[in-house]
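Going line by line, the protein sequences match chains A and B.
Under this note's numbering, the first residue of the first sequence is numbered 1, with each subsequent residue one higher.
Under this note's numbering, the first residue of the second sequence is numbered 1001, with each subsequent residue one higher.
Since the hints were made in silico from the structure, they are not lab data.
Mixed in with the good hints there might be a few duds.
Covered stretches of chain A (chain B as the covering partner; in silico rule of three or more C-beta atoms under 8 Å from a C-beta of chain B) [unchecked claim]:
{"#": "1", "region": "157-167"}
{"#": "2", "region": "195-204"}
Each computed BS3-like pair below joins lysine-lysine, with the alpha-carbon atoms no more than 30 Å apart [said to hold, decoys possible]:
{"#": "3", "chain 1": "A", "residue 1": "Lys40", "chain 2": "B", "residue 2": "Lys1134"}
{"#": "4", "chain 1": "A", "residue 1": "Lys134", "chain 2": "B", "residue 2": "Lys1061"}
{"#": "5", "chain 1": "B", "residue 1": "Lys1150", "chain 2": "A", "residue 2": "Lys134"}
{"#": "6", "chain 1": "A", "residue 1": "Lys41", "chain 2": "B", "residue 2": "Lys1150"}
{"#": "7", "chain 1": "A", "residue 1": "Lys40", "chain 2": "A", "residue 2": "Lys83"}
{"#": "8", "chain 1": "A", "residue 1": "Lys126", "chain 2": "B", "residue 2": "Lys1139"}
{"#": "9", "chain 1": "B", "residue 1": "Lys1126", "chain 2": "A", "residue 2": "Lys126"}
{"#": "10", "chain 1": "B", "residue 1": "Lys1150", "chain 2": "A", "residue 2": "Lys139"}
{"#": "11", "chain 1": "B", "residue 1": "Lys1122", "chain 2": "A", "residue 2": "Lys126"}
{"#": "12", "chain 1": "B", "residue 1": "Lys1083", "chain 2": "A", "residue 2": "Lys139"}
{"#": "13", "chain 1": "A", "residue 1": "Lys83", "chain 2": "B", "residue 2": "Lys1134"}
{"#": "14", "chain 1": "A", "residue 1": "Lys83", "chain 2": "B", "residue 2": "Lys1061"}
Every residue, glycine too, gets a C-beta built ideally from N, C-alpha and C.
Number of protein chains: 2
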Amino acid sequence: MAYELYYWPGIQGRGEFIRLAFEYSKTPYTDVARQPAGMKKMFSLMKRERVFAPPFLRSGKEVIFQTANILHYLGPRLGLAPKSEARRLRLHQLQLTITDWLVEVHDCHHPVGVMLYYEDQKPESKRRAASFTKERLPKFLRYFEGILRKEKQFSYVNLSLFQMMEGLDYAFPRAMAKVRAPALRANQERVKERLADYLASPRRIPFNTQGIFRHYPELDR
Amino acid sequence: MAYELYYWPGIQGRGEFIRLAFEYSKTPYTDVARQPAGMKKMFSLMKRERVFAPPFLRSGKEVIFQTANILHYLGPRLGLAPKSEARRLRLHQLQLTITDWLVEVHDCHHPVGVMLYYEDQKPESKRRAASFTKERLPKFLRYFEGILRKEKQFSYVNLSLFQMMEGLDYAFPRAMAKVRAPALRANQERVKERLADYLASPRRIPFNTQGIFRHYPELDR
């Protein structure tokens, strides 16, 4: 099975949650839009297969989009999720909650509209980011702390929680320095160690202010 | 199988997407939080089962949350989705795209933070709603027009698209009056007819300005 991942080439973004699953499980995949003529191929396939937005995955005849849906599909195939439906749904609902959390991170720098630049919505971003770091960030962290303490079986959700912590550390270093989340921190360290080769490779795109996690000091109280 | 739906009792909200699946398929269910002592039962189960937020479903031993995940589970059981994994994933990614769309509708009146009142974020809401009705609404409508023209098999996605159109008509009547979306309109009428009894019953909570779809004339350009 040759997996093809399609995602914007210059950012980690939502595609990174899929990359981590491939990299952690040492599954070969092609990151198509980062290959020569890859963007053209991506747009043409998007149109033909009625994909709403990247990331999407081609696996044999199937074209699958929505990050959490792709992980739901890949989980058991990559050894990153159990096979029973009930247990897969339990992981999936956690991943969907991470999806919601990620939207809230994104909206810290885009509260008014995705079609505008951050620079066009700075005052609104300041209010949104303050509300996020004060109320929503602790709520999500508390929730996933509880989950990690209870869930002992490693899955793609652990990889996504690693990515959330890495991204939040980059975007909101001051807010994150105040956080006490030992289970999330232990998971982050464990995954970082296992992914050391990948993280040091050029395949790992650095965080930047084009992605979902963005470091703007004025948004980090 | 006795299905128990748990959701806030005073609004349609995300719970309505589940109610529509039960009502359309004439499947018995209990809307627990609308029963005596139902809210207490809801909070207690949420805590015990580590549910991040309503709606959630109890079905036998399983407790399932995240609206799209619940529909993914119920789909084949209620005759509202095919049984093959590939086709279920194709429906699910559409439902997840409706989920994203719904978040953008919600954020029209809550661009700064879910913990604040609308009245505390009116100027930001005006900018957000203008960007939504001008750019995002047409994009989503165009996308799902294309999907409905291609997908001939009725599923829970048709019910959710009915609900989106009803909600958008309520919240943004002026913006929606300008919309040309014949396949979405035909689907809306077809579902409305089939659901006539339910829609006229007290089980259908009226739209109101506590829910996700809210009519504030100043946000409807």
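Taking the hints in turn, this is what the structure says about them:
With 0 residues having a Cβ less than 8 Å from any Cβ of chain B, the region 157-167 of chain A misses the three-residue criterion, and the hint is violated. With 0 residues having a Cβ less than 8 Å from any Cβ of chain B, the region 195-204 of chain A misses the three-residue criterion, and the hint is violated. The straight-line distance between the Cα atoms of Lys40/A and Lys1134/B is roughly 28 Å, inside the 30 Å bound, and the hint therefore holds. For the given pair, Lys134/A sits about 36 Å from Lys1061/B by alpha-carbon distance, which is inconsistent with the 30 Å threshold.
In summary, the hint linking Lys1150/B to Lys134/A is not supported, as the alpha carbons are separated by about 45 Å, beyond the 30 Å threshold. Taking the CA atoms of Lys41/A and Lys1150/B, the gap is about 23 Å. The hint holds against a cut of 30 Å. Taken as a hint, the Lys40/A and Lys83/A pair is broken in the structure, with Cα atoms around 36 Å apart against an allowance of 30 Å. For the hint linking Lys126/A to Lys1139/B, the alpha-carbon distance of about 28 Å falls within 30 Å, and the restraint holds.
A C-alpha spacing of about 17 Å is found between Lys1126/B and Lys126/A, which places the hinted pair at or below 30 Å, so the restraint holds. Straight-line distance between C-alpha atoms of Lys1150/B and Lys139/A comes to about 41 Å, which puts the hinted pair past the 30 Å bound. Our distance criterion of 30 Å between C-alpha atoms is met by Lys1122/B and Lys126/A, whose separation comes to about 16 Å. A C-alpha spacing of about 36 Å is found between Lys1083/B and Lys139/A, which places the hinted pair above 30 Å, so the restraint is violated.
Under the criterion of a C-alpha separation no larger than 30 Å, the hint pairing Lys83/A with Lys1134/B is inconsistent with the structure, at around 44 Å. Between Lys83/A and Lys1061/B the alpha-carbon distance is near 18 Å, which keeps this suggested pair within the 30 Å criterion.
The structure shown violates the earlier hints numbered 1, 2, 4, 5, 7, 10, 12 and 13.
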